[in-house]
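In the order they appear, the protein sequences are chains A and B.
The C-terminal residue of the first sequence carries number 113 in this note's numbering, and the numbering is unbroken.
The C-terminal residue of the second sequence carries number 226 in this note's numbering, and the numbering is unbroken.
Certain hints may be false.
[Unchecked claim] With a cut-off of at most 25 Å between alpha-carbon atoms, the simulated DSS-like pairs for lysine-lysine come out as follows:
#	chain 1	residue 1	chain 2	residue 2
1	A	K71	A	K42
2	B	K178	A	K71
3	A	K37	A	K68
4	A	K58	A	K22
5	A	K37	B	K120
6	A	K22	A	K71
Just so you know, these hints were derived from the structure itself, not from any lab.
So the chains spell out like this:
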Amino acid sequence: GENVEQHPSTLSVQEGDSAVIKCTYSDSASNYFPWYKQELGKRPQLIIDIRSNVGEKKDQRIAVTLNKTAKHFSLHITETQPEDSAVYFCAASMGTGFQKLVFGTGTRLLVSP
Amino acid sequence: SAVISQKPSRDICQRGTSLTIQCQVDSQVTMMFWYRQQPGQSLTLIATANQGSEATYESGFVIDKFPISRPNLTFSTLTVSNMSPEDSSIYLCSVGTNGNTIYFGEGSWLTVV
């Protein structure tokens, strides 16, 4: 079955710096890769996603890149702000279906003022 | 995006009892999913709630422990049976929209004492 590895487990940056979180997946049939942000006591919120026919997607300060050959994808946050502090989860679809997801282990991002 | 309502949002349960969690979506969806997030951990898929047929369970989860109903295209329930402290988790309902984006409900925070 699908396995998703996520690194680093914790990441501390200064406000204004960039943050990068990386994930690798095992199932070459996976075709959907969302990223979720989870604040303490709240549900995971979708922040960006990418499909396998696209190599990069950007939404304001957030971007995701996908390398299908290497089976890895990354989240890039530029100009980080304290409100970006949260746990971030990557996920990959199981097989060719979009909707069943396997999650990475999460990255705790701390942005210091 | 889909609006997903879960009940209860929070509960404290006695060990050995069972609790049923409800998930209501504001539009018809083909598949609904139930995830578990144990304290400080990532999300793990429990099962797919199929309308008109039995739920499909992931490895490590069984129907006797987590019976699921899906009476129509907008509603599902997950029961956590014979609870033990290890069942203390957040239980999350999720759905895929027509655009194949996955959204989560607010979650049900269960503590078993």
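Against the structure, the hints:
Under the criterion of a C-alpha separation no larger than 25 Å, the hint pairing K71 of chain A with K42 of chain A is inconsistent with the structure, at around 30 Å. For the hint linking K178 of chain B to K71 of chain A, the alpha-carbon distance of about 35 Å lies beyond 25 Å, and the restraint is violated. Between K37 of chain A and K68 of chain A, the direct Cα distance comes to roughly 23 Å. Compliance with the 25 Å bound is thereby established for this hinted pair. Taking the CA atoms of K58 of chain A and K22 of chain A, the gap is near 16 Å; set against the 25 Å cutoff, the hint holds.
Between K37 of chain A and K120 of chain B the alpha-carbon distance is near 22 Å, which keeps this suggested pair within the 25 Å criterion. Distance restraint check for K22 of chain A and K71 of chain A: the Cα-Cα separation of roughly 11 Å lies within the 25 Å cut-off, and the hinted pair is therefore satisfied.
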